[in-house]
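Okay, here's what each chain looks like letter by letter:
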Amino acid sequence: MKIVIIFTKTLLVLCAVVSFAFYPAYVRASVYGDTYYTYTCADGEGYLHGLGITVTNDLPVVFNIRNAMWYVSSSLSYGQKDANRPWNTSRLLLPVTAGLYSEYTFSSYPFKVGGGAGCGAVYIRKYTPKHYGPYMDFSQTEVHNAIGPRIEAIMGIGYIITQKTSFFIKAGYQLSWFDAQYIEKNTSGYMIHCGLQWTLQGTNKGLFDE
Amino acid sequence: MNRKNKKNRSMLYHYIMCLAALLLVVIGCDGMRNEEPLQICFIRNGDVWVMDEDGSNLKQLTFTGTNEWPSWSADGKYIVYGSVTGGHNEIFLMEGDGSNNRQLTVCALSDENYYCPTWLPDGSGIVYNRFVSTSAFSYIGIMDTKGDIKNEYLLSGINSRINALTISNDGKMVAYNWSGTNFIGLFNIMTQSNNSALITPTNYSLTWSPEGDSFAYIQGPYIYKYDISSALNTFSYSSIYVENSFMGISWRPSGDAIVLVSDALPYIGICIFNFNTNQFKSITNDSTDKHPCFIGKPR
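Line by line, the protein sequences are chains V and E. Throughout, the numbering used here is defined as the position within the first sequence, counted from one, plus 385. Throughout, the numbering used here is defined as the position within the second sequence, counted from one, plus 7.
For reference, chain V alone in the conformation it holds in the complex:
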């Protein structure tokens, strides 16, 4: 039952992200979709592995900044600490962020580099031994949920495979905060994404294309 609830919630969030991001796609701009594996260090909550998506749209040229895009990104990660120990805990992390990303495509090589920053919210769902005051019953599980703000900065490099597909690796740092019992207040740390970027509308752009 819990899995169904999480699945439904996650699907709703992702549908909202995708539908929002695709609204202007039929108007004019290029649209990119990233699917990636993500490795996140969440400080006291440990290391998490997950999968994510990012939808990126061209931004109209503002302040003479070219190759600027806005993006909406979400991922779902899972991590376990102290596996095979009685006090083991596990958690799910679901960030949703939006931000700006700028990308530069090399003219002579099939590579592009970029960087950006965004902010949003992050949801955590943590499974711990059941607490009885200061004591714990390791034969039972209780669930803790929290939502907190999140900001992130990321930069990456991409290899253009075809006009519609490229492979990328991105690295960044995220700052997240929670205010809930049994969940670490600060879960900041680095993150690594690697995956495929699919050009859903338009093509991979050349240098200074508009």
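Please note that the accuracy of each hint is not assured.
[Claimed, not checked] Think about it this way: if two alpha-carbon atoms lie no more than 25 Å apart in a straight line, the pair counts; the simulated DMTMM-like pairs of lysine to aspartate or glutamate are:
id	chain 1	residue 1	chain 2	residue 2
1	E	153	E	129
2	V	515	E	42
3	V	515	E	129
4	V	466	V	428
5	V	570	E	129
6	E	84	V	527
7	V	466	E	102
8	V	515	E	220
9	E	179	E	43
10	V	466	E	220
11	E	288	E	263
12	V	466	E	270
13	V	515	E	102
14	E	84	E	119
15	E	288	E	102
16	E	288	E	59
17	E	66	V	569
18	V	515	E	270
19	V	515	E	61
20	E	84	V	428
21	E	288	E	42
22	E	66	E	270
23	V	515	E	82
24	E	84	V	569
25	V	515	E	43
26	E	66	E	104
27	V	515	E	263
28	V	570	E	177
29	V	466	E	104
30	E	157	E	75
31	V	515	E	177
32	V	466	E	129
33	V	515	E	75
34	V	515	E	104
35	V	570	E	155
36	E	84	V	467
37	V	466	E	82
Everything labelled a hint here was simulated from the structure, so no lab data went into it. On a predicted model such as this, the values are computed, not experimentally measured, just so you know.
Given the structure of chain V, go ahead and fit chain E onto it with the hints provided.
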């Protein structure tokens, strides 16, 4: 144009299907945490052992010395216990699997000993009794996990060692049984006030309840529960088989059961008494077993 739009729609369709598939993979990882059977540490033939609460998965953790009073930290990671070494009762600490075993205390006086170590509820330190026999001074003390003594209080009106000791959930009060009279006393760490005859006459092992408002103790073949605020024995269970003594009792962290030692037939060894079902269940059959303590709930 139509062909291009059709291609884009196809790409979008594949993209969304791929996302759905990836999502299902991740959701599949959403397992509960690995729940573990509750373990009990205890003494058998002078060594520290652990087992699951159904009596299975027996494992011996110590192999030397004469050991007593193992107490599991609330986070389950460590066991503190007493051991006779060099002619003195000292305090030792090890991890829950028996590794990294080290001695925390070294008696400086020829006539002093450490007794009944147990954990502060938050795991930040260890509560113990130190008794100096020549002067007949008995102390309640708190040390950190390196063995450095943080505070030590002289128990007024006590001229003997302590047989059993338990600390309240908030870490402010210590209930103890002292061997001079076998009375149960109550020491308030905050006010440093001591009532050495809280419960009389002869009593035995005691353990603070997980709810925090009371402690359970053994008096003859009965389990009593003493409520701190009302100063009343709120209930007793008479259909148990415990006749003696300082063999140790400990609450299950959930508060629905208590583990204790029976020395009367038909049960000999460690037993669990379930308050919900009012049932008494034997889990070992060894007359040397004593001082059981649940993981996650210090004595």
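Here's how the hints hold up against the structure:
1. E:153 / E:129: 16 Å, holds
2. V:515 / E:42: 10 Å, holds
3. V:515 / E:129: OK: residue 515 of chain V and residue 129 of chain E at ~15 Å, within 25 Å.
4. V:466 / V:428: 12 Å, holds
5. V:570 / E:129: Judged against 25 Å, a Cα distance of about 19 Å means the pair holds.
6. E:84 / V:527: 19 Å, holds
7. V:466 / E:102: At roughly 17 Å apart (the allowed maximum being 25 Å), residue 102 of chain E and residue 466 of chain V satisfy the hint.
8. V:515 / E:220: This hinted pair holds, its Cα atoms lying about 20 Å apart.
9. E:179 / E:43: With a Cα-Cα distance of about 31 Å, the restraint between residue 179 of chain E and residue 43 of chain E is violated, given a limit of 25 Å.
10. V:466 / E:220: 33 Å, violated
11. E:288 / E:263: 14 Å, holds
12. V:466 / E:270: 41 Å, violated
13. V:515 / E:102: Cα-Cα ~21 Å, so holds.
14. E:84 / E:119: Violated, at roughly 29 Å.
15. E:288 / E:102: 28 Å, violated
16. E:288 / E:59: Answer holds: residue 288 of chain E to residue 59 of chain E is near 14 Å, not above 25 Å.
17. E:66 / V:569: 34 Å, violated
18. V:515 / E:270: 33 Å, violated
19. V:515 / E:61: Between residue 515 of chain V and residue 61 of chain E the Cα gap is close to 20 Å, so the pair holds against 25 Å.
20. E:84 / V:428: Status holds; Cα separation ~21 Å.
21. E:288 / E:42: This hinted pair holds, its Cα atoms lying about 23 Å apart.
22. E:66 / E:270: 23 Å, holds
23. V:515 / E:82: With Cα atoms ~11 Å apart, residue 515 of chain V and residue 82 of chain E stay inside 25 Å; holds.
24. E:84 / V:569: The hint holds at about 19 Å.
25. V:515 / E:43: The hint holds at about 12 Å.
26. E:66 / E:104: With Cα atoms ~9 Å apart, residue 66 of chain E and residue 104 of chain E stay inside 25 Å; holds.
27. V:515 / E:263: 14 Å, holds
28. V:570 / E:177: Holds, at about 23 Å.
29. V:466 / E:104: Holds, at roughly 18 Å.
30. E:157 / E:75: Distance of about 23 Å is within 25 Å: holds.
31. V:515 / E:177: Given that 25 Å is the threshold and the Cα spacing comes to 18 Å, the pair holds.
32. V:466 / E:129: Given that 25 Å is the threshold and the Cα spacing comes to 20 Å, the pair holds.
33. V:515 / E:75: 28 Å, violated
34. V:515 / E:104: 21 Å, holds
35. V:570 / E:155: Between residue 570 of chain V and residue 155 of chain E the Cα gap is close to 30 Å, so the pair fails against 25 Å, i.e. violated.
36. E:84 / V:467: The given pair, whose Cα atoms are some 11 Å apart, holds under the 25 Å limit.
37. V:466 / E:82: 14 Å, holds
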